[in-house]
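Participant: Line by line, the protein sequences give chains A and B.
Sequential numbering from 1 applies to the first sequence in the working numbering.
Sequential numbering from 1001 applies to the second sequence in the working numbering.
Bear in mind the hints are in silico, worked out from the structure with no lab data behind them.
Hints may contain errors.
[To be verified] Derived DSS-like pairs (lysine-lysine); straight-line CA-CA distance at most 30 Å:
#	chain 1	residue 1	chain 2	residue 2
1	B	Lys1058	A	Lys57
2	B	Lys1058	B	Lys1042
3	B	Lys1057	B	Lys1071
4	B	Lys1068	A	Lys71
5	A	Lys71	A	Lys57
6	B	Lys1022	B	Lys1042
7	B	Lys1068	A	Lys57
8	B	Lys1057	A	Lys14
9	A	Lys57	B	Lys1071
10	A	Lys57	B	Lys1022
11	B	Lys1022	B	Lys1058
12	A	Lys11	B	Lys1068
[Said to hold, decoys possible] Take a look, some chain A residues computed to stay more than 10 Å from chain B by CB distance:
#	residue
13	Asn7
14	Arg15
15	Thr20
16	Gln41
17	Asn51
18	Ala53
19	Leu61
20	Asp63
21	Arg64
22	Ser87
23	Arg100
24	Gly101
25	Thr103
26	Ser106
27	Gly107
Idealized CB from N, CA, C, for every residue including glycine.
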Amino acid sequence: DTGVSQNPRHKITKRGQNVTFRCDPISEHNRLYWYRQTLGQGPEFLTYFQNEAQLEKSRLLSDRFSAERPKGSFSTLEIQRTEQGDSAMYLCASSQFFGRGYTFGSGTRLTVV
Amino acid sequence: GENVEQHPSTLSVQEGDSAVIKCTYSDSASNYFPWYKQELGKRPQLIIDIRSNVGEKKDQRIAVTLNKTAKHFSLHITETQPEDSAVYFCAASSDGQNFVFGPGTRLSVLP
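Sequences and hints are given; from them, build the entire structure.
Facilitator: Right under this line is the structure:
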């Protein structure tokens, strides 16, 4: 396990469909984060887990978005009834220690058509 | 909440020259400031970070300075090389949990 792994790398879906992304963090990292990045912008925070507990959710995370980390290891991010505005790169990151920089995954690029 | 601004949005320098990117933040409680480099189509990668109890930190050609009173911090790259070309993001955090990122600076190093 040499990094944060995200699947799939790319996802094209029709508007109104549901999609689910998976993130496998670095194994010893107990903190896991989801960010969204649109073209030409910095990553925007979505939500954060410490172990299996979801400790913080951004206002960006509408009720169509849900994230889970059931066993404190991998996490899933589901988007229901996708909209074109959901098209973005969804980045997962993990960290081990408080106050340290993240290690990002390669992201899942979502395109809603 | 925290707001991070970053300038300039684009920066072109000749190879060998220095590049400076500046960020300001709004939340005086912020105490951790990482910088990320993102190459086209790749993940953001941490290149350097600084904590609020430190005014400057260096790592080879890269340095970061922090002015807590003015609430701004800067990235300095010396002797730039073509492989330094990328988008650079600053970020601020008050608890190490949730980072607020700046909008990014696209650096182009011209040969």
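Participant: Minimum C-beta separation from A:Asn51 to chain B exceeding 10 Å: can you confirm that?
Facilitator: With a cut-off of 10 Å, A:Asn51 remains clear of chain B, as the shortest Cβ separation is near 13 Å.
Participant: Given the proposed pairing of A:Lys11 with B:Lys1068, does the C-alpha separation stay at or below 30 Å?
Facilitator: violated, 42 Å
Participant: Is A:Ala53 truly not at the interface, in the sense that its beta carbon sits beyond 10 Å from all beta carbons of chain B?
Facilitator: Non-interface label stands for A:Ala53: nearest chain B Cβ at 12 Å, farther than 10 Å.
Participant: Quick one, are A:Lys57 and B:Lys1071 close enough, alpha carbons at most 30 Å?
Facilitator: Distance ~26 Å between A:Lys57 and B:Lys1071 Cα, so the pair holds.
Participant: Since A:Gly107 was said not to touch the interface, does its Cβ keep a gap of more than 10 Å from each Cβ of chain B?
Facilitator: violated, 6 Å
Participant: Could you grab the alpha-carbon distance between A:Lys71 and A:Lys57 and see if it respects the 30 Å cut-off?
Facilitator: Satisfied, since the Cα-Cα distance of roughly 19 Å is no more than 30 Å.
Participant: Compare the distance between the alpha carbons of A:Lys57 and B:Lys1022 with 30 Å, and conclude whether the hinted pair is satisfied.
Facilitator: With a Cα-Cα distance of about 28 Å, the restraint between A:Lys57 and B:Lys1022 holds, given a limit of 30 Å.
Participant: Given the hint that B:Lys1022 pairs with B:Lys1058, does the C-alpha gap stay at or below 30 Å?
Facilitator: The hint holds at about 16 Å.
Participant: If you draw a straight line from the CA of B:Lys1068 to the CA of A:Lys57, is it 30 Å or shorter?
Facilitator: holds, 28 Å
Participant: Can we confirm that no CB of chain B comes within 10 Å of the CB of A:Arg15?
Facilitator: With a cut-off of 10 Å, A:Arg15 remains clear of chain B, as the shortest Cβ separation is near 25 Å.
Participant: Verify this label for me: A:Arg100 is non-interface relative to chain B, using a Cβ-Cβ cutoff of 10 Å.
Facilitator: violated, 7 Å
Participant: When you check the alpha-carbon spacing of B:Lys1058 and B:Lys1042, does it fall within 30 Å?
Facilitator: Given pair B:Lys1058, B:Lys1042 holds - Cα atoms ~25 Å apart, limit 30 Å.
Going down the numbered hints, you'll see the structure goes against 1, 4, 8, 12, 16, 23, 24, 25, 26 and 27, while the others check out.
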